Amino acid sequence: MKGMLQGLGVTLKAMTAPKVTTSYPDVPFVMPDRFRGIQHFIPDLCIVCNQCARICPTDCITLTGKPNPDPEKKGKVIDTFDINFEICILCDLCTEVCPTEAIVMSNHFELAAFSRDDLFKDAQWLTDNNTLTRQDNNNIGAPAKGGGK
Amino acid sequence: MQPWLNQALTWSNALVLFLWVVVFLFIVLGFVTYAIYFERKVIGWMQLRIGPNRVGPLGLLQTVADIFKLLIKEDTIPRKADRVLFIIAPALAYIPAFSVLAVIPYTQKLYFADLNVGLLYYVALSGISTLAIVLGGWASNNKYALLGGMRSAAQMISYEVPLVISVVGVILLSGSLNLRDIVAAQDGGWFWDWNFLPQIIGFVVFIIAAVSELNRTPFDLPEAESELVAGYHVEYSGFRFAFFMLSEYVYVYAIAALTTVLFLGGWHAPAPFLDFVPGIVWFLLKFAFIVFFLFWIRATMPRIRVDQLMGLGWKVLLPVSLLNVFLTALYLELFIKN
Amino acid sequence: MIRTEELLLNVGPQHPSTHGVFRIIVKLDGEVITEATPVMGYLHRGTEKIAENLNFTQIIPYTDRMDYVSAMTNNYVLVHAVETMMGLEIPERAEYLRLIVMELQRVASHLVWWGTYLLDIGAMSPFLYAFRDREMIIDLFNELCGARLTYNYMRVGGVKWDAPPGWLDKVRDFIPYMENKLIEYDKLVSGNEIFLARIKGVGQYDADTAIDYGLSGANLRCTGVDFDIRKAEPYSLYHLFEFDVPLGQIGDCYDRYRIRLEEIRQSLRILKQALAQFPSGGDTMGKVPRVIRPPAGEVYVRIESPRGEIGCHIVSKGKAEPYRLKFRRPSFVNLQILPKLLVGETMTNLITILGGIDIVVGEVDC
Numbered sequence: 100m101k102g103m104l105q106g107l108g109v110t111l112k113a114m115t116a117p118k119v120t121t122s123y124p125d126v127p128f129v130m131p132d133r134f135r136g137i138q139h140f141i142p143d144l145c146i147v148c149n150q151c152a153r154i155c156p157t158d159c160i161t162l163t164g165k166p167n168p169d170p171e172k173k174g175k176v177i178d179t180f181d182i183n184f185e186i187c188i189l190c191d192l193c194t195e196v197c198p199t200e201a202i203v204m205s206n207h208f209e210l211a212a213f214s215r216d217d218l219f220k221d222a223q224w225l226t227d228n229n230t231l232t233r234q235d236n237n238n239i240g241a242p243a244k245g246g247g248k
Numbered sequence: 541m542q543p544w545l546n547q548a549l550t551w552s553n554a555l556v557l558f559l560w561v562v563v564f565l566f567i568v569l570g571f572v573t574y575a576i577y578f579e580r581k582v583i584g585w586m587q588l589r590i591g592p593n594r595v596g597p598l599g600l601l602q603t604v605a606d607i608f609k610l611l612i613k614e615d616t617i618p619r620k621a622d623r624v625l626f627i628i629a630p631a632l633a634y635i636p637a638f639s640v641l642a643v644i645p646y647t648q649k650l651y652f653a654d655l656n657v658g659l660l661y662y663v664a665l666s667g668i669s670t671l672a673i674v675l676g677g678w679a680s681n682n683k684y685a686l687l688g689g690m691r692s693a694a695q696m697i698s699y700e701v702p703l704v705i706s707v708v709g710v711i712l713l714s715g716s717l718n719l720r721d722i723v724a725a726q727d728g729g730w731f732w733d734w735n736f737l738p739q740i741i742g743f744v745v746f747i748i749a750a751v752s753e754l755n756r757t758p759f760d761l762p763e764a765e766s767e768l769v770a771g772y773h774v775e776y777s778g779f780r781f782a783f784f785m786l787s788e789y790v791y792v793y794a795i796a797a798l799t800t801v802l803f804l805g806g807w808h809a810p811a812p813f814l815d816f817v818p819g820i821v822w823f824l825l826k827f828a829f830i831v832f833f834l835f836w837i838r839a840t841m842p843r844i845r846v847d848q849l850m851g852l853g854w855k856v857l858l859p860v861s862l863l864n865v866f867l868t869a870l871y872l873e874l875f876i877k878n
Numbered sequence: 004m005i006r007t008e009e010l011l012l013n014v015g016p017q018h019p020s021t022h023g024v025f026r027i028i029v030k031l032d033g034e035v036i037t038e039a040t041p042v043m044g045y046l047h048r049g050t051e052k053i054a055e056n057l058n059f060t061q062i063i064p065y066t067d068r069m070d071y072v073s074a075m076t077n078n079y080v081l082v083h084a085v086e087t088m089m090g091l092e093i094p095e096r097a098e099y100l101r102l103i104v105m106e107l108q109r110v111a112s113h114l115v116w117w118g119t120y121l122l123d124i125g126a127m128s129p130f131l132y133a134f135r136d137r138e139m140i141i142d143l144f145n146e147l148c149g150a151r152l153t154y155n156y157m158r159v160g161g162v163k164w165d166a167p168p169g170w171l172d173k174v175r176d177f178i179p180y181m182e183n184k185l186i187e188y189d190k191l192v193s194g195n196e197i198f199l200a201r202i203k204g205v206g207q208y209d210a211d212t213a214i215d216y217g218l219s220g221a222n223l224r225c226t227g228v229d230f231d232i233r234k235a236e237p238y239s240l241y242h243l244f245e246f247d248v249p250l251g252q253i254g255d256c257y258d259r260y261r262i263r264l265e266e267i268r269q270s271l272r273i274l275k276q277a278l279a280q281f282p283s284g285g286d287t288m289g290k291v292p293r294v295i296r297p298p299a300g301e302v303y304v305r306i307e308s309p310r311g312e313i314g315c316h317i318v319s320k321g322k323a324e325p326y327r328l329k330f331r332r333p334s335f336v337n338l339q340i341l342p343k344l345l346v347g348e349t350m351t352n353l354i355t356i357l358g359g360i361d362i363v364v365g366e367v368d369c
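First to last, the sequence lines map onto chains A, B and C. Using my numbering, you'd call the opening residue of the first sequence number 100 and step up by one each time. Using my numbering, you'd call the opening residue of the second sequence number 541 and step up by one each time. Using my numbering, you'd call the opening residue of the third sequence number 4 and step up by one each time.
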């Protein structure tokens with residue numbers, strides 16, 4: 100009987116205790132800087148090194164490059180860059196290996212969509228996803244010298 | 541109410557009575573709507589949440605929206621179910637739940653039927669709801685529902701007995717089965733004249749048995765969510781499911797009112813100097829406290845096991861309630877009669 | 004004569020108390036179980052097979068998804084196996100960070116267990132109380148590595164992130180908070196007579212049975228067998244810290260319950276010591292070759308996850324991908340005793356026993 104009364108006391112006290120829930124859709128959920136959300140892509144920085152596509156554990160990144168339109172410069176520039184968010188697990192490995200930080204994580208995490216097609220994000224969408232990007236990109240796995248930085 | 545009931549049943553009288561019932565039905569529906577809201581709020585607060593707050597101001601229309609959803613839902617009957625019984629069961633659960641409310645007196649003046657066997661009527665009718673649960677469980681042709689129905693039958697039978705015997709003490713003290721007379725007998729001016737102190741054993745047994753009759757935590761075995769998914773109403777949806785829910789909450793109303801009448805002095809004020817407050821306010825306060833208590837228990841307690849439930853019913857509550865009858869009779873014989 | 008027959012009841016894969024998509028086929032005689040057959044595999048994703056085509060860094064996010072309630076320990080067992088194989092030196096700071104997150108994870112995992120177990124038994128509130136406190140840990144992890152559930156925090160040779168400024172102080176503040184909450188938990192649940200009646204003496208087995216079935220973790224220690232890999236074969240930095248291994252006596256659900264709550268206390272004790280000794284400087288990443296190629300050979304390492312002994316067996320042919328990767332998942336092994344325990348119990352006890360074993364279906368099916 101004593102144990103039950105103690106339990107009743109705890110719940111009664113909780114009635115007036117401050118509530119811990121947040122009013123999420125009304126008030127945006129603020130994530131810390133390191134949060135791994137939907138990627139932001141910066142085409143100008145990309146050197147088409149293909150590292151992100153290779154490290155991706157789920158093979159959700161596809162990219163193609165084309166020769167640099169400026170004949171003065173060597174190398175390639177990015178042509179298409181798509182991430183399939185049906186299978187992306189937001190593991191952060193692509194941003195970790197990117198030598199130029201052309202792909203970085205943002206704090207956006209709302210991926211719910213009515214159609215699977217909406218989850219296929221192309222370079223334009225990812226470039227426009229340019230708010231709340233991560234400041235501190237600790238690319239520990241990236242090669243020391245990757246070029247274009 | 542009373543004058544019409546005592547007159548011969550003419551068409552006009554029947555119409556008046558019918559209208560009264562409709563009015564009362566809406567009062568009960570309003571209670572159920574806000575009891576569910578209140579329950580969700582209270583449990584939410586106890587769980588450090590806010591509870592419903594999206595539909596309407598403060599979420600007041602949440603239950604209305606829920607019920608509306610249930611009403612427009614597709615009405616499904618499993619193909620292998622026993623159609624007739626499946627359809628009858630929800631109605632059978634609701635009719636006695638609503639009928640028992642007839643005998644509850646709210647104040648000196650406000651009551652519906654002044655039945656001289658009011659308590660007996662209540663107990664007898666509320667037993668029928670068990671039948672509905674067993675029928676619903678059986679007719680669904682679902683194993684979980686069947687298990688829930690079986691548990692319900694066992695539980696109701698085991699707890700009906702101590703429930704009735706625990707109030708025998710009250711009947712002995714007041715010398716009547718009429719609920720109005722029982723309240724009148726508790727009129728001593730102070731709260732210690734109410735039955736819950738002189739009949740403390742009976743009161744405790746009654747509360748435990750009543751919670752069990754209501755199928756509420758910690759005795760919610762017939763619908764034990766974590767074991768039987770939803771128990772007896774696992775196959776019910778839409779309107780029929782709403783009826784089961786409705787009868788459950790109408791029984792909450794009935795038991796809270798009955799507890800107030802039997803043990804908490806009905807409409808009497810707790811002290812003579814508080815008499816200026818109308819009786820209905822006292823009744824509602826006590827009533828709300830009982831309802832709150834039921835919700836409070838639900839937020840705290842784990843569920844009891846079937847065999848422990850049976851053990852508690854037959855080995856503890858029954859002997860204790862019998863002892864209570866014996867003690868009350870002894871007290872009356874030794875101190876009051878002479 | 005009344006004709007009676009057994010009732011064949013499918014519990015799961017969609018059932019509120021099977022913790023995911025786990026299924027048991029039980030034969031009921033009334034409410035008493037005469038036979039129980041667990042069916043697994045509804046969440047099988049072939050992690051081990053997928054891993055054969057991935058390099059070791061890529062496998063780390065997959066381990067997060069095995070035991071998703073305790074992803075940090077899974078991360079650790081994989082990187083620990085690779086590091087053992089390659090004989091890598093781990094910087095002290097990285098090792099401390101790993102240990103801190105693993106112990107926080109143990110607390111978080113046991114909190115999830117505590118909440119869901121009480122939910123199984125029918126009490127609603129403890130679930131939300133536990134999740135309130137787990138949320139604190141999740142927030143700490145979110146700040147540290149940017150994810151709330153699938154952390155992908157450890158790397159072969161170290162950890163991905165150093166602690167952000169002020170993070171260690173937050174962990175330090177969390178410890179007394181959690182200690183207070185444990186007292187509240189005891190008040191709310193541990194003394195409740197209904198709860199005690201539900202779990203005392205239920206699902207009992209002795210030490211020999213437990214060892215025969217290969218149980219580990221709280222499921223083994225509840226019988227009184229003193230085996231905690233953190234003590235028996237210290238890995239990481241556990242040899243530096245003082246902590247007790249809580250033991251049970253009779254091996255019932257109550258002992259398991261008590262042990263898990265006590266393990267939260269011991270984890271907090273370890274955390275306190277680890278924070279006091281935390282090195283002020285140093286790297287978080289050791290010297291690791293660019294491409295991780297463990298030498299040809301085999302290795303098996305095991306660590307103490309919140310659920311028991313989680314092991315990782317790597318067969319390497321000297322390539323960047325493992326030739327074969329095998330995880331010994333404690334939930335899977337612990338679950339094997341279930342059919343034996345269930346015979347003769349009631350339907351209600353099925354839930355109590357299954358909950359007491361503490362399975363995570365992602366790990367059972369892997």
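I should point out that these hints are in silico values taken from the structure, not numbers from a laboratory. What you are looking at is a predicted structure, and each value in this text was computed from that prediction instead of being measured. Just so you know, even glycine gets a beta-carbon here, dropped at the ideal spot from N, CA and C. Just so you know, not all the hints are guaranteed correct.
[As the list claims (entries may be wrong)] With beta-carbon atoms standing in for the labels, derived distance ranges:
{"hint": "1", "chain 1": "A", "residue 1": "218", "chain 2": "B", "residue 2": "596", "range": "30 to 36 Å"}
{"hint": "2", "chain 1": "A", "residue 1": "119", "chain 2": "B", "residue 2": "816", "range": "41 to 47 Å"}
{"hint": "3", "chain 1": "B", "residue 1": "732", "chain 2": "A", "residue 2": "111", "range": "38 to 44 Å"}
{"hint": "4", "chain 1": "A", "residue 1": "125", "chain 2": "B", "residue 2": "863", "range": "56 to 62 Å"}
{"hint": "5", "chain 1": "A", "residue 1": "121", "chain 2": "C", "residue 2": "280", "range": "31 to 37 Å"}
{"hint": "6", "chain 1": "A", "residue 1": "121", "chain 2": "C", "residue 2": "173", "range": "32 to 38 Å"}
[Stated by the list, open to error] Result set (PhoX-like, lysine-lysine): computed pairs, CA atoms no more than 25 Å apart in a straight line:
{"hint": "7", "chain 1": "C", "residue 1": "190", "chain 2": "C", "residue 2": "203"}
{"hint": "8", "chain 1": "C", "residue 1": "173", "chain 2": "A", "residue 2": "101"}
{"hint": "9", "chain 1": "C", "residue 1": "203", "chain 2": "A", "residue 2": "118"}
{"hint": "10", "chain 1": "A", "residue 1": "118", "chain 2": "C", "residue 2": "173"}
{"hint": "11", "chain 1": "B", "residue 1": "683", "chain 2": "A", "residue 2": "101"}
{"hint": "12", "chain 1": "C", "residue 1": "322", "chain 2": "A", "residue 2": "118"}
[Said to hold, decoys possible] Okay, the calculated bits of chain B under chain A, using three or more residues with CB under 8 Å as the criterion:
{"hint": "13", "stretch": "587-595"}
{"hint": "14", "stretch": "834-840"}
Here is what the structure says about each hint:
Checked against the hint of 30 to 36 Å, the pair residue 218/A and residue 596/B passes, with Cβ atoms roughly 35 Å apart. A beta carbon spacing of about 43 Å between residue 119/A and residue 816/B agrees with the range 41 to 47 Å that was offered as a hint. Distance hint check for residue 732/B and residue 111/A: the Cβ-Cβ separation is about 25 Å, which falls outside the suggested range of 38 to 44 Å. Remark: the range hint 56 to 62 Å for residue 125/A to residue 863/B is upheld by a beta-carbon distance near 57 Å.
A hinted range of 31 to 37 Å holds for the C-beta pair residue 121/A and residue 280/C, which are about 35 Å apart. The hint said 32 to 38 Å for the Cβ distance between residue 121/A and residue 173/C, and at roughly 18 Å that hint is violated. Using a Cα cut-off of 25 Å, the hinted pair residue 190/C and residue 203/C holds, with the two alpha carbons roughly 18 Å apart. With a C-alpha separation of about 36 Å, the suggested pairing of residue 173/C with residue 101/A is violated against the 25 Å cut-off.
For the suggested pair residue 203/C and residue 118/A, the alpha carbons sit about 34 Å apart, so the restraint of at most 25 Å is broken. For the given pair, residue 118/A sits about 21 Å from residue 173/C by alpha-carbon distance, which is consistent with the 25 Å threshold. Restraint check for residue 683/B and residue 101/A: not satisfied, since their Cα atoms lie roughly 38 Å apart, outside the 25 Å limit. For the proposed pair residue 322/C and residue 118/A, the alpha carbon gap of about 53 Å is over 25 Å, so the pair is violated.
Restraint check on the stretch 587-595 of chain B versus chain A: 4 residues with Cβ-Cβ distances below 8 Å, three needed, restraint holds. Residue count for the stretch 834-840 of chain B with a Cβ under 8 Å from a Cβ of chain A: 4. That meets the three needed, and the coverage hint holds.
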